[in-house]
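Here's the letter readout for the chains.
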Amino acid sequence: MKNFKIDHRTKSGLEVLDLYGELDAHTASQLEDSLKRLINNQKCNIIVNFSELDYIASAGLGVFMAYIEDVRGIGGDIKLTNMNDKVYNVFDLLGFPTLYDILENESEAVEKFLNEN
Amino acid sequence: MDKATTYQKRVNASTQNLSAIRNFVSEHAKEQGFSAQKVADIQLAVDEAYTNIIKHAYNNDSEQVVIINLEFDDDKMIVTLTDHGIGFDVEKYKKPNLQKQIERKKGGGMGVYLMRKLMDEVTYHAKNRKNVLRMCKNKN
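Going down the list, the sequences are from chains H and C. Yeah, the first sequence ends on 117 if you go by the UniProt record's numbering, and it's all consecutive. Yeah, the second sequence ends on 140 if you go by the UniProt record's numbering, and it's all consecutive.
Note that these hints are calculated values from the structure, not bench results. A hint or two may mislead.
Claimed, not checked - Derived pair list, reagent style SDA-like, types lysine to any residue, alpha-carbon separation capped at 20 Å:
#  : chain 1 : residue 1 : chain 2 : residue 2
1  : C       : 30        : H       : 111
2  : C       : 117       : H       : 77
3  : C       : 30        : C       : 6
4  : C       : 38        : H       : 92
5  : H       : 5         : H       : 84
6  : C       : 117       : C       : 78
7  : C       : 137       : C       : 56
8  : H       : 86        : C       : 35
9  : C       : 117       : H       : 88
10 : C       : 106       : H       : 95
11 : C       : 9         : C       : 19
12 : H       : 86        : C       : 6
13 : C       : 106       : H       : 86
14 : C       : 105       : H       : 86
15 : C       : 100       : H       : 84
What the hints assert, rightly or not - Label-pair ranges, simulated between beta-carbon atoms:
#  : chain 1 : residue 1 : chain 2 : residue 2 : range
16 : C       : 5         : H       : 11        : 44 to 52 Å
17 : C       : 94        : H       : 11        : 37 to 45 Å
18 : H       : 85        : C       : 31        : 20 to 28 Å
19 : C       : 16        : H       : 98        : 41 to 49 Å
20 : H       : 37        : C       : 104       : 16 to 24 Å
21 : H       : 105       : C       : 94        : 29 to 37 Å
22 : H       : 95        : C       : 140       : 26 to 34 Å
23 : H       : 51        : C       : 69        : 18 to 26 Å
Unchecked claim - To give a feel for the contact side, a few chain C residues facing chain H, derived at Cβ under 10 Å:
#  : residue
24 : 4
25 : 11
26 : 12
27 : 17
28 : 33
29 : 35
30 : 37
31 : 47
32 : 67
33 : 78
Just so you know, even glycine gets a beta-carbon here, dropped at the ideal spot from N, CA and C.
Construct the entire structure; sequences and hints are all you get.
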């Protein structure tokens, strides 16, 4: 899709997904595929960087809800970083900040992972 | 009597059209002087409503049609979405229990809650297979 893209890279031995554009019911399956691929390869320390994500609907949040248990079940976590206010507001409305690590930037997420492992 | 400005769009029920619908809604809301935050709220509420119709009213049948109507008067915007699929009860919504849904590995079920949070008024009428969802947002 033109209006959504995911890049995958590694940083300090962690998996980083960079999200670009608009995440909605049409594009959410792409995120789902990326997460599934990581989980299938037992890559479970995942940072999702939202700095280039302009928009999110509940279908996008649903993906994080559906896979977080699988990731935590194999000893990892999904940490979310660099959200703009508009995107953070949606996570906040639905109560995500109490159940997910939502951090200012990637370095904070890396540090948190290093302290946990 | 206030003079109302209206815009209408008929679209097939496909998530492919989500982005175009968001643009349609935000363009007109901006034009009518709604703040950036309010435009974002309206955009998301309409996205959630339209997505619900695709999934629940029409079971992902993209041949079906949704009519989206925007009406502006001096102090508010009214968005109505009309479909002819299976009705759903927006009155029976409750706040999603995130912890439970995570345990059950279940996304979803958040659309109606968000619509009610983001808009000032939400009503729903279902009659003879015609469902009309009406959402209102005050300008100030």
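Q) Checking against the hints above, which ones are violated? A) 1, 2, 7, 12, 13, 14, 15, 19, 23, 24, 25, 26, 28, 29, 32, 33
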